[in-house]
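With the hints as extra help, turn the sequences into a complete structure.
Here is how the chains run, residue by residue.
There are 2 protein chains.
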Amino acid sequence: MKNIILVGSGNVATHLGIALKNSNYSIVQVYSRSIENAKKLANKLNTEFTNDLTQLKSADLIIVSVNDDAISNVLSQIKDTAIVHTSGSIGLNVFKGNFSNFGVFYPLQTFNKEVDLDTSEIPFCIEGSSLVFEKQLIKIAKKLSVNVVTMNYEQRKQLHIAAVFACNFSNQMFSIAEDLLKEKNLDFEILLPLIKQTISKLENNKPKTVQTGPAKRNDTNVIEQHINGIKKQEIKDLYQKISSNIIKTHE
Amino acid sequence: MKNIILVGSGNVATHLGIALKNSNYSIVQVYSRSIENAKKLANKLNTEFTNDLTQLKSADLIIVSVNDDAISNVLSQIKDTAIVHTSGSIGLNVFKGNFSNFGVFYPLQTFNKEVDLDTSEIPFCIEGSSLVFEKQLIKIAKKLSVNVVTMNYEQRKQLHIAAVFACNFSNQMFSIAEDLLKEKNLDFEILLPLIKQTISKLENNKPKTVQTGPAKRNDTNVIEQHINGIKKQEIKDLYQKISSNIIKTHE
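Residue numbers (our numbering), protein chains in the order written: chain A, 23 to 273; chain B, 23 to 273.
Some hints here could point you the wrong way.
Since the list gives no way to pick out one identical chain from another, each pair is judged satisfied if it fits inside one copy or across any two copies.
Derived DSSO-like pairs: lysine-lysine, alpha-carbon spacing no greater than 30 angstroms straight-line [claimed, not checked]:
#  : residue 1 : residue 2
1  : K238      : K206
2  : K206      : K164
3  : K62       : K270
4  : K206      : K228
5  : K263      : K179
6  : K204      : K254
7  : K161      : K66
8  : K204      : K157
9  : K43       : K164
10 : K118      : K101
11 : K179      : K270
12 : K179      : K206
13 : K218      : K179
14 : K206      : K66
15 : K206      : K253
16 : K179      : K253
17 : K258      : K43
18 : K206      : K165
19 : K118      : K206
20 : K79       : K62
21 : K223      : K263
22 : K258      : K230
23 : K254      : K270
24 : K223      : K204
25 : K204      : K164
26 : K62       : K238
For the record, the hints were derived by calculation from the structure and aren't laboratory data.
Given below as structure tokens:
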């Protein structure tokens with residue numbers, strides 16, 4: 023599998039294209055429904071482009087990186103070729119009936135087109151329609167990253183929920199801290215050393231084993247003082263509910 | 023202010039003692055109510071020790087690093103000397119009537135006696151009974167860290183609440199993610215690259231401006247799917263409440 027077509031020209035397609043080219047894969051064509059976007063990415067990758075799915079060249083693999091909603095429509099216009107999509111939320115079902123070798127090639131990361139990205143530590147979550155095809159996909163992913171795992175649809179869905187807690191919700195905790203500090207004319211930056219220490223503990227420990235703080239100690243005096251000290255009812259509620267959850271976790 | 027007495031032999035006293043000694047301050051004596059602990063820390067600092075507060079030598083500054091509950095009792099046995107405590111939760115009131123120069127010297131960090139610690143980036147939160155004395159305390163703190171701020175009692179209390187959100191509660195989000203992944207035989211480590219990226223964004227951005235995910239996009243379909251996909255009622259509730267809070271934040 024050396025000759026690859028990219029269907030899509032967004033963040034994922036862009037970073038995958040660059041990483042694959044750097045790993046000596048040949049990107050033979052880029053498709054985008056917008057000819058300008060197809061051209062822009064094709065220029066970056068020094069290859070051909072089209073905005074017509076009936077004009078795809080022959081290749082060893084087609085990587086479909088379009089919006090979840092568009093995948094099914096795009097697939098209906100592509101003739102049988104080894105093919106993957108890059109979505110965490112869509113199963114293998116979407117391919118069925120039309121393709122012999124199909125799979126998922128899902129990089130777990132928030133991509134941003136304008137920022138250079140080193141893919142070498144990004145987890146790639148792989149699923150193939152057969153063990154043989156899955157092995158071929160793993161081989162490609164291992165050229166891009168040290169972090170390659172096979173994963174089924176149920177696992178990918180759960181991983182997405184877990185990522186919401188670990189990234190979006192932890193970031194909201196930082197955001198609430200920022201607001202609390204602002205009320206007393208303090209800058210969020212003062213918390214950065216403590217946050218970095220919290221994260222660096224995770225390198226060698228599971229989060230549960232390194233929990234600290236009043237809820238972990240079930241220190242009801244401090245918890246009550248804190249809840250009384252918070253102005254907004256919604257933030258009081260969150261403090262109370264997350265503390266209860268910590269207390270339960272460490273019972 | 024060159025000659026310092028440490029009252030206390032716990033995590034904070036130990037790390038402050040080492041950092042002060044490394045910055046060419048002279049620790050003239052260590053007190054602990056346990057003579058063994060006093061001796062242990064005194065040996066580390068190559069100085070004298072006692073378990074009797076009436077036997078304190080004369081010094082330029084006494085640093086009281088004992089449990090919050092014990093501060094008041096300890097202070098009642100010390101004769102008027104320039105003095106600070108290291109607690110985030112106790113105000114200047116505790117000194118009043120008995121001391122001429124007093125203050126707070128509060129390092130914002132989770133200390134662990136057994137682990138070497140570089141104090142150079144730890145925020146030191148300083149409050150003094152007078153501007154002149156505060157300046158002297160700032161001068162000492164600046165020998166230990168680049169990150170020195172003056173802060174009153176109200177600000178320190180709020181900082182503590184903010185730190186609970188930013189550290190304890192974000193860690194609980196990681197812990198919930200760990201449990202969710204375990205249900206589907208996935209390891210928490212797969213999330214580490216994404217978590218590190220989330221944190222590295224905070225170096226140059228406020229948390230609110232770098233929020234991502236379904237709640238930020240107000241993507242009610244995905245939010246509903248996720249809530250349906252979570253087994254435990256308590257975790258469903260947290261997902262729902264934190265998502266609402268994110269949606270409100272970005273309205």
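For each hint, the structure was consulted:
no. : hint        : verdict
1   : K238 / K206 : both (26 angstroms within a copy, 26 angstroms between copies)
2   : K206 / K164 : between (49 angstroms within a copy, 23 angstroms between copies)
3   : K62 / K270  : neither (53 angstroms within a copy, 37 angstroms between copies)
4   : K206 / K228 : between (34 angstroms within a copy, 17 angstroms between copies)
5   : K263 / K179 : both (25 angstroms within a copy, 20 angstroms between copies)
6   : K204 / K254 : within (14 angstroms within a copy, 35 angstroms between copies)
7   : K161 / K66  : within (24 angstroms within a copy, 54 angstroms between copies)
8   : K204 / K157 : between (52 angstroms within a copy, 25 angstroms between copies)
9   : K43 / K164  : within (14 angstroms within a copy, 50 angstroms between copies)
10  : K118 / K101 : within (13 angstroms within a copy, 84 angstroms between copies)
11  : K179 / K270 : both (26 angstroms within a copy, 25 angstroms between copies)
12  : K179 / K206 : between (40 angstroms within a copy, 10 angstroms between copies)
13  : K218 / K179 : both (28 angstroms within a copy, 21 angstroms between copies)
14  : K206 / K66  : neither (49 angstroms within a copy, 39 angstroms between copies)
15  : K206 / K253 : within (12 angstroms within a copy, 39 angstroms between copies)
16  : K179 / K253 : between (36 angstroms within a copy, 13 angstroms between copies)
17  : K258 / K43  : neither (51 angstroms within a copy, 42 angstroms between copies)
18  : K206 / K165 : between (50 angstroms within a copy, 26 angstroms between copies)
19  : K118 / K206 : between (58 angstroms within a copy, 25 angstroms between copies)
20  : K79 / K62   : within (19 angstroms within a copy, 76 angstroms between copies)
21  : K223 / K263 : both (24 angstroms within a copy, 27 angstroms between copies)
22  : K258 / K230 : both (23 angstroms within a copy, 19 angstroms between copies)
23  : K254 / K270 : both (25 angstroms within a copy, 13 angstroms between copies)
24  : K223 / K204 : both (27 angstroms within a copy, 19 angstroms between copies)
25  : K204 / K164 : between (45 angstroms within a copy, 24 angstroms between copies)
26  : K62 / K238  : between (52 angstroms within a copy, 29 angstroms between copies)
In the structure shown, a violation is registered for the earlier hints numbered 3, 14, 17, in ascending order.
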